[in-house]
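> Chains B, C and D: place on chain A using the hints.
In case you want the letters, here they are:
4 protein chains.
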Amino acid sequence: MKTRIGIIGARGFTGGELLRLGLTHPGLEITYVTSESQAGAPVTEGFPGLLGWTDLRFSAYDERAALEKADAFFFALPDGEAMQRVEPLLRAGRKVVDLSGDFRVRDRPTYETWYKREHLSPSLLERAVYGLPELVPNVREADLVANPGCFPSAILLAVAPLFSHGLAVPDSLIADAKSAVSGAGGRSSLDPSYSFAAVSDNFRAYSVAGHRHIAEMEQELASVAGSPVTMSFAAHLLPLMRGILTTSYVTLRELRPAAELQRLYAEFYRNAPFVHVLESALPELRHVSGSNACHLAVRVDERTRRAVCVSAIDNLGKGAAGSAMQNMNLVCGLDETAGLRVPATGP
Amino acid sequence: MKTRIGIIGARGFTGGELLRLGLTHPGLEITYVTSESQAGAPVTEGFPGLLGWTDLRFSAYDERAALEKADAFFFALPDGEAMQRVEPLLRAGRKVVDLSGDFRVRDRPTYETWYKREHLSPSLLERAVYGLPELVPNVREADLVANPGCFPSAILLAVAPLFSHGLAVPDSLIADAKSAVSGAGGRSSLDPSYSFAAVSDNFRAYSVAGHRHIAEMEQELASVAGSPVTMSFAAHLLPLMRGILTTSYVTLRELRPAAELQRLYAEFYRNAPFVHVLESALPELRHVSGSNACHLAVRVDERTRRAVCVSAIDNLGKGAAGSAMQNMNLVCGLDETAGLRVPATGP
Amino acid sequence: MKTRIGIIGARGFTGGELLRLGLTHPGLEITYVTSESQAGAPVTEGFPGLLGWTDLRFSAYDERAALEKADAFFFALPDGEAMQRVEPLLRAGRKVVDLSGDFRVRDRPTYETWYKREHLSPSLLERAVYGLPELVPNVREADLVANPGCFPSAILLAVAPLFSHGLAVPDSLIADAKSAVSGAGGRSSLDPSYSFAAVSDNFRAYSVAGHRHIAEMEQELASVAGSPVTMSFAAHLLPLMRGILTTSYVTLRELRPAAELQRLYAEFYRNAPFVHVLESALPELRHVSGSNACHLAVRVDERTRRAVCVSAIDNLGKGAAGSAMQNMNLVCGLDETAGLRVPATGP
Amino acid sequence: MKTRIGIIGARGFTGGELLRLGLTHPGLEITYVTSESQAGAPVTEGFPGLLGWTDLRFSAYDERAALEKADAFFFALPDGEAMQRVEPLLRAGRKVVDLSGDFRVRDRPTYETWYKREHLSPSLLERAVYGLPELVPNVREADLVANPGCFPSAILLAVAPLFSHGLAVPDSLIADAKSAVSGAGGRSSLDPSYSFAAVSDNFRAYSVAGHRHIAEMEQELASVAGSPVTMSFAAHLLPLMRGILTTSYVTLRELRPAAELQRLYAEFYRNAPFVHVLESALPELRHVSGSNACHLAVRVDERTRRAVCVSAIDNLGKGAAGSAMQNMNLVCGLDETAGLRVPATGP
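In order, the protein sequences belong to chains A, B, C and D.
End of the first sequence sits at 328 in the numbering used here; the numbers just go up one at a time, nothing left out.
End of the second sequence sits at 328 in the numbering used here; the numbers just go up one at a time, nothing left out.
End of the third sequence sits at 328 in the numbering used here; the numbers just go up one at a time, nothing left out.
End of the fourth sequence sits at 328 in the numbering used here; the numbers just go up one at a time, nothing left out.
Misleading hints may appear alongside valid ones.
For identical chains, the list gives no copy identity; a pair is met inside one copy or between any two copies.
[As the list claims (entries may be wrong)] Dumping the calculated SDA-like pairs for lysine to any residue here, alpha-carbon to alpha-carbon at most 20 Å:
id : residue 1 : residue 2
1  : K(-17)    : R322
2  : K(-17)    : R251
3  : K(-17)    : R75
4  : K97       : T(-16)
5  : K(-17)    : P7
6  : K50       : S261
I should point out that these hints are in silico values taken from the structure, not numbers from a laboratory.
Next up, chain A with everything else stripped away, as it sits in the complex (with noise of 0.2 Å):
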């Protein structure tokens, strides 16, 4: 039987990957969307796309309701919301896989610095399991799952083996990113700076320090290099709906062989079924877009004894909708990979 799963606002990019992803997926059947905008419209007036895949309707989120329809839950609220609502999921003994930035933090003081605002489930940021199985462990574990932010699953993916091998200098790690709109913030299609005017024929930077997804980033890495790290962060827009590719420089203690660290990484990923390392290649976002799939390269500029780490995921895939998937498999005790089996849309 299948698990009945509630998508806890739908109507967003990240709720429509939800959807593209759960309609077929064989062991999940989504039974509960909500949008508070959109409640009784048919799903399919909001994605066109899935017309011929599904009957469902969007509702207005109702607790009780929530709780009769499904077994478990994708959050995909602005942040500050699923704080408001988790807990009596989860002490109704539902899953929750949260996207939003809400349980990514688990220093509560830290988490109000840099999201500027109080946390309202305070005793929920320790239960939440940050969910990047390839570096965090007990994600089968949970029952709150913290779903990374875009730029950090990009960016802790492409430089997690340099840290965990101790290899980077902790203060030199420098982060450029760049990111399609739905990757970017342009959820709400209002906003003038996400039109087709504003974003296409164009590039620009849009976060140069910061940006929320730090806090997060250094969190991690700290974990895995067991000590702490700082970095630098910007983000840019690209004329693109799905993708994020990073470039990351990392300063080595000592200069080591590229090819020394691309056996390190194979090493480091050799377990995790949606890391690919390239060795000749460098990572193109169009051979990720529509999979979960994440490119990764290492390269060494020996002049400047840095390490150049380049990362390529679908911002809607591993980035978002792919990776809640991936923890919900988790948390459910699927195989990791189900629904997943979808490779990248090309050509």
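For chains B, C and D alone, coordinates are given in the frame of chain A:
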């Protein structure tokens, strides 16, 4: 046990899509893929988006190996090639779905006029079944399927109900088509007409009279209408990789309300799992891209007594590899939708 | 001394293009620009691409200030606005080029049928001259110019020679147009239909019957042909910011060779500095983008006795601001090409 | 009387832009354009966007004809060609602006290390002046100008003020650059890496260590700083035709407020007509595309004591043809901005 499948000519856009669909198909197993230029190389070198999905390598085509390794074949070679290779495979009891133009035109002189070449297996012309199962009833019994051209798939589905019901003035059809690069013939990435510089931020007409696809469209419409049909057709190139949208203008024998035509369309396609007749919206490429769906709309211009029929397909989906898979399912006795339960990629 | 120019409604796409052209014009000086929402802000805040080019600020429209500051005006307001403001300016001896639909349809009932509103300055309808100088001889004498719609500019230039020479079957014209966002009505960056998510990697039909521009096209073709003309028209949205390409199908009274029609076109436009009749190539948007050029091709489909006429313009150039500047040059007694000596941007 | 100009190697992207700018230049007249492959063909056949602008035809390069027909030359040939042809022209008193890498690196061994070839005119290396007039004072006196690489133009302008004022830690600079196709080396439309299929809807890193442009950047920064500079540089490919955006990370010797750095930048570029230092906004490619402008922003990441410097140029404008025209103006004694009074294309 899965049917073993060979893809002959697997290196192009269509070959890549056949791989993407075939590698996740529940009833088929890809066992043999050919490319003369890439023989020996891993399939994932040509299609990095398939990393993690297959260990297959390209072979040079060899009839004996083909017969040993596969039960059924997709041919995705340039026009004029399949007609030289298919006969021995059929004789050995194999099924073939050919994606070229070699077997689409049943009448030999008509073929030779439009394709400007001699047909080398004329006896197969009558044996082949035109693979548009929404209009052609006997695909399931075929062993040689002529997969329709991408434009004909889109246009025939858009106007067939009008011709089938005798509503169309026979020589009034004008079909204006807009195609993405992968459908327009941008087969070779070496053709400067399909360089990024030539296609991006651009739109152009590329064939406004005498396109080969007219032959099969007039043939199939005549078959549907029961009398000869003559049409105009023009093709344009969109700055996109996937999708064909067509707008067809048909003078009605007598004026009918749009709602009546919509009902008639819905009825006509009530058993076609991939065809969706829209009511209030007009088709958009984004809603079919990556899928085997065809979205249709029919409107009436009362001032001119013309029906305007709009259709959208993914040229690699319902316009090529998707419909080829649908046909393969039929000739192999599988469910028509097997392996095609892939929603549009979105968002 | 330069003629002083006011741009009324300078904040939209057309306003921006009028500024780009006006600020480098040798014979005009932009002295007054209005925007109700941006009043007080520097023009360069709305158009950062003009940084270094102007210190102008937007004003709220004020008739007295307008009369003081400028000798001639572009009106680039939404339909229905210019008709309320133009009369006093004309009375004061000012010239006006209006880019809205307010004065394009000479017959009041026809106007009111297509635009579904009452005309508030009906006396001006006859005074206004339709500003397509390639077809209309008396623009130079006008004080009120109705600048053509973007689609009509492209389509009229494409088919006028056939109608002018009596070669076209009068009710046979079908014009299939494909427009970039800035021409399709994506005026407000707040309209979700024109978000990046809705337009990019997409193509859609958006008006397949009853578009307002039909009124002025039938009017002008009737004038060129000397008898009534009825036509079909459909508009589609390209994932581009600039450009309109149109494909028009016209049944010929009798078959003529393409070469003869090409000669006839070349002759028809021999004094039109912005119209180029291509011989072997077909028009492409990239080759006119950023300029005031119109590229044309005419072909013949002998099987159906139809001429196929393709035209390409920049909808902001010859489709709006460029042609408005051309008209302003004429009414101000300047050289028709002044300020328009800007080649296509390319590559 | 206008200075007569030859463009040697006029068929590429840069050649096309030199033509676009040159054909509308008030003080220059293009009299000689070469292309070996197109010799004899009208320039408008290669650049249909110039239809109506010129009757010139391409010639095969011939030194005698060159000397007869032109007073000054742009060289836009691949690396290694200009060094074989420039000397006799200089001897005959002609001015040369070379857009290749042949004369950018003053030190011969450094040149030969980075370019991996012997320099065939080493005596010219010292004679050539590096053509970035915002940093280099003596361009006006040169007869041989080495036009900067596109990436160096963008990056040097972005960080020079910090190095000039001694604020930068010398080996801390990391420059992450994102380039459109016409700047990334997509010279030949026959290279499958630059096909529409390979570039569209994609983003990739293509050079993460050891790019040749590092040589000239370290050279010029050392000159500005008065001491050696070592840097990291990575280049990425955007799905666009025009534009380079760079993000540079520089560790500050001591923390300074962003506002102070902004004032310092504004002062540094107060006489540079094409450089605009933004205050509240960040640079965007759309705002410089088609122009010779450079938009800059400098921000401070206090947590890491790094300055983040963002610059945007049109790689064909300030990154190649625009800056070459600026240099040509200077060596010909014209106003620095002549022929470059072209705002960004927008919208």
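> Each hint needs a verdict: does it hold in this structure or not?
The hints, checked one at a time:
1. In the homo-oligomer, the alpha carbons of K(-17) and R322 lie at most 20 Å apart both inside one protomer (17 Å) and across protomers (18 Å), since each shortest distance falls under that limit.
2. Taking CA atoms no more than 20 Å apart as the test, K(-17) paired with R251 passes in neither setting, with 30 Å inside one copy and 29 Å between copies.
3. With identical chains, the CA atoms of K(-17) and R75 are at most 20 Å apart within one copy only, with a shortest distance of 15 Å there and 38 Å across copies.
4. In the homo-oligomer, the alpha carbons of K97 and T(-16) never lie at most 20 Å apart, since the shortest distance is 36 Å inside one protomer and 54 Å across protomers.
5. Taking the closest pair of Cα atoms, K(-17) and P7 come within 20 Å of each other both inside a single copy (8 Å) and across two copies (19 Å).
6. In this homomeric assembly, K50 and S261 never come within 20 Å of each other (Cα to Cα): the closest approach is 49 Å inside a single copy and 31 Å across copies.
Checked against the numbered hints listed earlier, the structure breaks hints 2, 4, 6; every other hint is satisfied.
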